[in-house]
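Once you have looked at the hints, place chain E on chain L.
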Amino acid sequence: MRFFAFIVVCLTGALLLYGTGEFPDWGDPNSPASLHLSNYYIENALNDTGAPNFVTAVVADYRGFDTMFETAVIFCGGLACFLLLRDFREKKDHYYRHIPTGVILHVKDSQKPLTIGKEFGYMDKDWVPPDLIIKTVCRILIPFIQIYAMYVVAHGDYSPGGGFQGGVIFGSSLILLAISYDLKTLVKRVKERVLGIFAAAGVLLYAGIAALCMLMGGNFLDYSKLAPLVPWNSHHNIRAIGMLGVEIGVGIAVMAVMLIIYINIVSEGRHDEGL
Amino acid sequence: MDNYPALIVVAPFIAALFAGLFVWIDERLSYPIALAGLAVSLFSGIQVMIQVIASGPIQYKLAGWAPPIGIEYRIDLLNAMVLILVAGVAFLNLIASYRSVQQEISDRTGSYFTVYNLFVTGLLGVSITGDLFNLYVLIEITSLTSYAQIALGDKDRGPLASLNYVFIGVIGASFYLLGVGYLYMYTGSLNMADVAVLIKGSEGSSTVLTAFILCILGIWIKMALFPMHVWLPNAYTYSPTAFSRVVAPLMTKVMVYVMIRLMVTVFGYDYIFNTLHLSDAVVWLATLAVLAGGVMALAQKNLKKMLTYIIVCEIGYMVGGAWMGNQLGMTGAILHILNDALMTFALFLAVGNMVYRIEKVDITDLKGLFGKMPWTMGGFVLAALSIIGVPPTCGFFSKWYLILGAMEKGAYHFVAALVISSLICAVLFFKVFEICFFESGSPDHENSHGPVAIEDAPVSMIIISGLVSLSLVVTGFYSGTIVNTIILPFLK
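So the protein lines, in turn, are chains L and E. Position one of the first sequence corresponds to residue 1 (my numbering), numbered consecutively onward. Position one of the second sequence corresponds to residue 276 (my numbering), numbered consecutively onward.
Treat the hints as calculated values from the structure; they're not laboratory data. It cannot be assumed that every hint is accurate.
Said to hold, decoys possible - For lysine-lysine, the following BS3-like pairs were computed, each having C-alpha atoms within a straight-line distance of at most 30 Å: (1) L:K108 - E:K684; (2) E:K336 - E:K430; (3) L:K188 - L:K118; (4) L:K191 - E:K706; (5) E:K336 - L:K225; (6) E:K706 - E:K635; (7) L:K184 - L:K112; (8) E:K767 - E:K576; (9) E:K576 - E:K684; (10) L:K91 - E:K430; (11) L:K118 - L:K184; (12) E:K430 - L:K92; (13) E:K576 - E:K635.
Unchecked claim - Not everything, but these chain L residues come out facing chain E in the computed CB check (under 10 Å): (14) T20; (15) F23; (16) P32; (17) Y62; (18) F65; (19) A80; (20) F82; (21) A200; (22) G208; (23) Y223; (24) V266; (25) R270.
Virtual Cβ for every residue (Gly too), placed ideally from N, Cα, C.
Looking at chain E on its own, in the form it has when it is part of the complex:
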C-alpha cells in the first residue's frame, strides 16, 4: 500500500468529519469513530516508519502532481518519529480521557471529539508536510481548534485565557505567513526542498534574511519561547483535562520540530551558523528561557500551572540544543522532543487523574494523595523523576546530550542553566511529594492515623497513565538505539 503517508493525516480527518456528522444522528457513535481514526493513523505511522528505516525518505505526491507544482509529503526519519509520537499520544489520551470528557463537557461530547480529532489532524499535517504553505494551513487548523477547546475549560478563566492565546497565536501565525510570502517573492516556490535549492547562493539577500527572521519568530511565538511565553501557562492550565493532556506534550514539541525542519531543510546550517552567526545569541536566549521557566515554576501554587512553567523551561532546552550549531546539541534537542513529550504526557495524565477525583489541584489540596490515589501518584513520581533527570529514566539521556553539546561549543552558561533548572525541578517535585505523602488528607484528627480509603481514578485512566510512565524508563534504556537508528542517520 503506497497510501500510508496520506492515511496518517486523512484518517483522523475523515473520522473527525464522521464524528461531527454523527453528533446529529447518534452522539454515542462519535467516540468510537474518532478513536478508530486515530488508530488507523497510528498504524499507518508505524508502517511509514518501517519503510523509512528500510529504504530512506518517502515522497508522496498529493493529487499526483510532481513537487514544485503540487503539494508533497516528504517523510524522513525525524518526521516519522514525530508522527508516531503525535498519533500515539493522541490515541492513548483519547482512551484515557473518555471519562473526564463525560465529566467536564457532558452536554456536547460528540462535538468535542470532532474538534479533538481535527486538532490532532492539524498536528500530524504540520509534521508530515514538505510544503511551506500547507504547513501554515494546518497550523491554522491546530490553532483554531485549540482556541475552541481552551475556551471550553474553566468557566471563569478559560475564555479569557483562550482570548489571550488568540491574539498572540494569530500574530505568530501571521509572522510565519509573512515570512513564507517573502520567500515566495524571492523564489516563486512554496516547496521546502525547492526553496532550499533556490535560495542557495543568495546569502546576502535582505529578503531572505527578513523571511528567515519572520518565520523563526512566528514559530517561536507559537512554541512559547521565553519571553513570548505569556499566553501558554493560563491557556494550558484552564483548558479541559482531555485537551491539556494532549496539547501540553504535543503542541510545543511539534513547533520545535517545525523550527528544526526550517533550520535543516529550508535555510540550512550553513546560512544560520556561518553566514548569520546566530548561535551565541539564541543560546543565551535559551539559557534565559530555562532559568526564567524554572524560577516562575517555583512561584506557582497550582500544580497544573507549575507544570506549564516547566514546559516553558523545557522549550529553552530544545531551542538551546538545536541552535548549538553542533551535532551533539541537535541530537539532544531531537531526543528531547521525544522524551519531553512522553514526560509531559505522563505528568499531565497523572494530574488529569487527580483532577478527575479532587477537582482542584492547588498544591495544598494534594495532602494525603499517596494514600488516596497510589497508582496515579506512582506514575506521577516516575514522570517527575524523569523531568528532574534521574538516570534510568529518559529525561537524563537527552539532558546528557544537551550538556555534551554545550560543552563542545563552550556554552558553559547553558550547562549551568540546565543544572540549576534540574535542581529547581527537584525542589519543586519533592515539595509536592512531601505534601502528598506526609501530610494527612483527612481534616478530623481521629481518623488521621487509620488507613485511608483508596479512591483512585477509573481503570482506563490508571492503565494508560501507568503505561506511559513505564515507557519513560523503557525509552531511557533504548536511548542509544533511538539515537543510532533515527537521529544520527537523519543528521548525516
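So that you can see chain L by itself, here it is in the shape it has in the complex:
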C-alpha cells in the first residue's frame, strides 16, 4: 500500500514537472500572465477606482465578488467551530480560590447549592498566579495594537493591508488579553453573543453594501451607483469609499471569527476556562 502511494506521489510530481515545461521564464515581462490583464489593472486601477494600491483595487473591486465569498469562508470557519465545539452542558466540577490566602476549593457536584463569600473567585483547574510584569506590559500594548489594526484596515487602499490583516491584528490583541490574564477576563469583556452578531454583521456589511448598489439600479457590487448616497463627498472616488466600507466589514467579521475560533478551541466549547 505504501509503495503504491509512493508511486502515485511520484507520478503526480512528474506530471507537475512536465506541466512546467512550457512555463514562461521566471519574471519574464512577456509572459501571458503579465500581458493579458495585468497591464489593464496597472494602467487603469487608479483612474477607475481611486485606490492607489492596485492590489486592493483588484481584490476589493474588480474581483470583489470573490473577496465577499472569501469573507464568507472565514465566517463559515467560525460557524463550524461554534456548531461542532460549543458545549452547552453544565460542567460538573468547579474550582474556587480564596483570593486573600490562595486556598483552592474543589466542588465536585455543582448542582448542590454552595454558599461561599465574595472573597472566593471561580478559577481554572490549572490556574497559575498572574505575573504582574506580563499583565502590565500587555495592558499597555493592547490599545496600541488595536489602533494599529484600525490603521491597517483604513489604509488598505493606500498601502499593503486591508480588512483581513486588520481584523486578524485586532483579534490577536484580544487573544493577547486572554493569554496574559485568563480566558474568563476576555469572556467577561466580550460576550459570546456580541461576537456572534459581529461575525454575521461584518459579512452582512459587505453583502449589504453590494446589495445596496443593486437597489440603486446598478449591478451587484457596482460601487459607482452609490454616489447619490454620499452627497458631501466631492474629491474622493466613490469606488474607493465603497471599498473602504467593505474592508471595514471584512475587518469586523475576521476579528469576531478569530475570537470565536480561539475561545471555542481553548475552552473545548465551554467558554469558561482555558489557556
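Same frame as chain L, now just chain E:
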C-alpha cells in the same frame, strides 16, 4: 429586473447571514429567513430560465466590469436547469426537514439553518459562474459547510467520516486550484470563455494538458468517481438527515455539471476527443464505477449506506455518458443530472422519514414498515422503481439515452454494465420491499396478524416526499420536452 442572476446566489447568502445574526437575537426567526432566501432564489432561477429560453444565454457583469477584467455570470440552458434544480431541491428539503432538524440538532437549530443556506449558496454559485477562480471559491464554501454539517451527524461516526472527507476533499479542491493556476500561467486569464479562446491552437502544450488533467482529477475526486469514492458512503450515511437529503442529490450532480462545463466551455470537445483520445479510457473507468458501485451496494446492511453506493454507481452513468464523445451520450448524461437528483432526493426523503420514526435503518429494522408508514413507503417504492429504470418513471429515459449513446460508439461493455447495475438495483430494492411488506414488525406473535397502527412521519415530510416521488413520473412523461427545449439547443 436585470438582477435576477445575481439574486439567485445573493438571496440565500444574505438570508444565511441574517439567519446567523438572528441566532443571537431570536433563534426562532432564523428558519423563516432561511426559507425566504431560498424561495427568492428559486423564483429568480425560474425567471432566468424563462429569459434564457426566450432570448438565449444571459451575461451578468458583477461589479459592472466587463468579463475578462471582472467576474461574470454566464447562464445558458444547462446552467439554468441546474440552478432551478439546486434551488428547488434545497427549498423543498428545508420545508421537509424542519422537524428532523428540531429532533436531531435541537440546541443549535439557528446556526444549522445558517450553515445549510451557505451550503446551498455555494452550490448555486458553482453552477452559475463563468469564472474559473470564482468557481473554486464557491467549491470551498460548499466543502467547508458540508464538513461542518457531516460532523454534526452520528455522534460516534460522524466526526471521523467528516475528517476523512476533509482530507480527500481538500486534495480534490487543491488539484482543481492547481489546474486553474497552470491555466492562468499559460493564458493570463480566469474567465472561462476567455481561456477557451486563448488555449485554442495550443493543443500540444504540456501546460494545458497538465491543467486539464489536474482540473478533471480534482473534480472527479469531488464527485466521488470510483476509485476516488471512498469518502462518500460514510460521509453521507452518518450526516444529519436534513443534510444527507440535500447533499446526496445535489453535491455530486453539481460536480458532474462542473465537469461538463469544463469539457464543453473551457477545453472543448475537439481537444478532449480528437487530440487526447480520452473517450475509451474514461468510458472503461465509468464502466468499472457502475459495476463497483452496484456490487458494493449489494454488500450493505444499512439502507442509507446502500443508497450512497447507488450514488457511486450513478456517477459512473453520468461520467460514462459525458465522455462517450457523441451527442446522445451527452444528452443522457445531462438528463441524468436532473433525473438522478430527483430520484436520489425522493429516496433520501423517504429514508429521512423512516429515520424520524425508527432512528436506525438497518435493513432488518424495516420489518412491517409498509403497515406502519404507508405513505412514506409509497414514495420510496416509486423512487426505487425509477432508480431501477421502470418505464413511466424518469430513470428509464436517461438510461435509454445513455444506452443509445453507448451503442452508437460501440461501447458494449458500458451497455452491459448499465443493464447489470439495473438488475442489481432491482434485486436490492425488491429485497427491501420484501422485508418491509411481508415480515411482521411486531415481535409478539399474538398481535402480528392484527392491523398495525399507522405511525407515519409528520404531514410536512410526507407531502414533500410524495410530491417529489410523483414528480419522477411527471418528469418521465415530459422527458421529450426537456430534451428538445433544454438539452439539444444547449449542445448545438
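Outcome of the hint check:
Between K108 (chain L) and K684 (chain E) the alpha-carbon distance is near 74 Å, which puts this suggested pair outside the 30 Å criterion. For a cut-off of 30 Å, the pair hint linking K336 (chain E) to K430 (chain E) is broken: about 45 Å separates their Cα positions. Straight-line distance between C-alpha atoms of K188 (chain L) and K118 (chain L) comes to about 17 Å, which keeps the hinted pair within the 30 Å bound. Restraint check: the Cα-Cα separation between K191 (chain L) and K706 (chain E) comes to about 55 Å, which exceeds 30 Å; the hinted pair is violated.
For the hint pairing K336 (chain E) with K225 (chain L), the CA-to-CA distance comes to about 14 Å; that is within 30 Å, so the pair holds. Note on K706 (chain E) and K635 (chain E): the hinted pairing holds, with a Cα-Cα distance of about 18 Å set against a maximum of 30 Å. Distance restraint check for K184 (chain L) and K112 (chain L): the Cα-Cα separation of roughly 23 Å lies within the 30 Å cut-off, and the hinted pair is therefore satisfied. For the hint linking K767 (chain E) to K576 (chain E), the alpha-carbon distance of about 45 Å lies beyond 30 Å, and the restraint is violated.
A C-alpha spacing of about 37 Å is found between K576 (chain E) and K684 (chain E), which places the hinted pair above 30 Å, so the restraint is violated. Between K91 (chain L) and K430 (chain E), the direct Cα distance comes to roughly 20 Å. Compliance with the 30 Å bound is thereby established for this hinted pair. A threshold of 30 Å between alpha carbons decides the hint, and for K118 (chain L) with K184 (chain L) the separation of about 17 Å falls inside it, so the pair holds. For the suggested pair K430 (chain E) and K92 (chain L), the alpha carbons sit about 21 Å apart, so the restraint of at most 30 Å is met.
In summary, the hint linking K576 (chain E) to K635 (chain E) is supported, as the alpha carbons are separated by about 11 Å, within the 30 Å threshold. The beta carbon of T20 (chain L) comes within 7 Å of a beta carbon in chain E, closer than 10 Å, and the hint placing it at the interface holds. The beta carbon of F23 (chain L) comes within 6 Å of a beta carbon in chain E, closer than 10 Å, and the hint placing it at the interface holds. Taken as an interface hint, P32 (chain L) checks out: its beta carbon lies about 4 Å from the nearest beta carbon of chain E, inside 10 Å.
Taking 10 Å as the C-beta cut-off, the interface hint given for Y62 (chain L) holds, the closest approach to chain E being about 5 Å. Satisfaction of the interface hint for F65 (chain L) is found here, the shortest Cβ-Cβ separation to chain E being roughly 4 Å, below the 10 Å cut-off. The interface hint given for A80 (chain L) holds, since its Cβ lies 4 Å from the closest Cβ of chain E, which is under the 10 Å cut-off. The interface hint given for F82 (chain L) holds, since its Cβ lies 6 Å from the closest Cβ of chain E, which is under the 10 Å cut-off.
With its C-beta approaching chain E no nearer than about 4 Å, A200 (chain L) sits inside the 10 Å limit, and its interface hint holds. Checking G208 (chain L) against chain E by beta carbon gives a least distance of about 8 Å; that is within 10 Å, so the hint holds. With a least beta-carbon distance of about 7 Å to chain E, the hint placing Y223 (chain L) at the interface is held under the 10 Å criterion. Because the smallest distance between the Cβ of V266 (chain L) and any Cβ of chain E comes to about 19 Å, over 10 Å, the interface hint for this residue is violated.
Interface hint status for R270 (chain L): violated, as the beta-carbon distance to the closest one in chain E is roughly 14 Å, over 10 Å.
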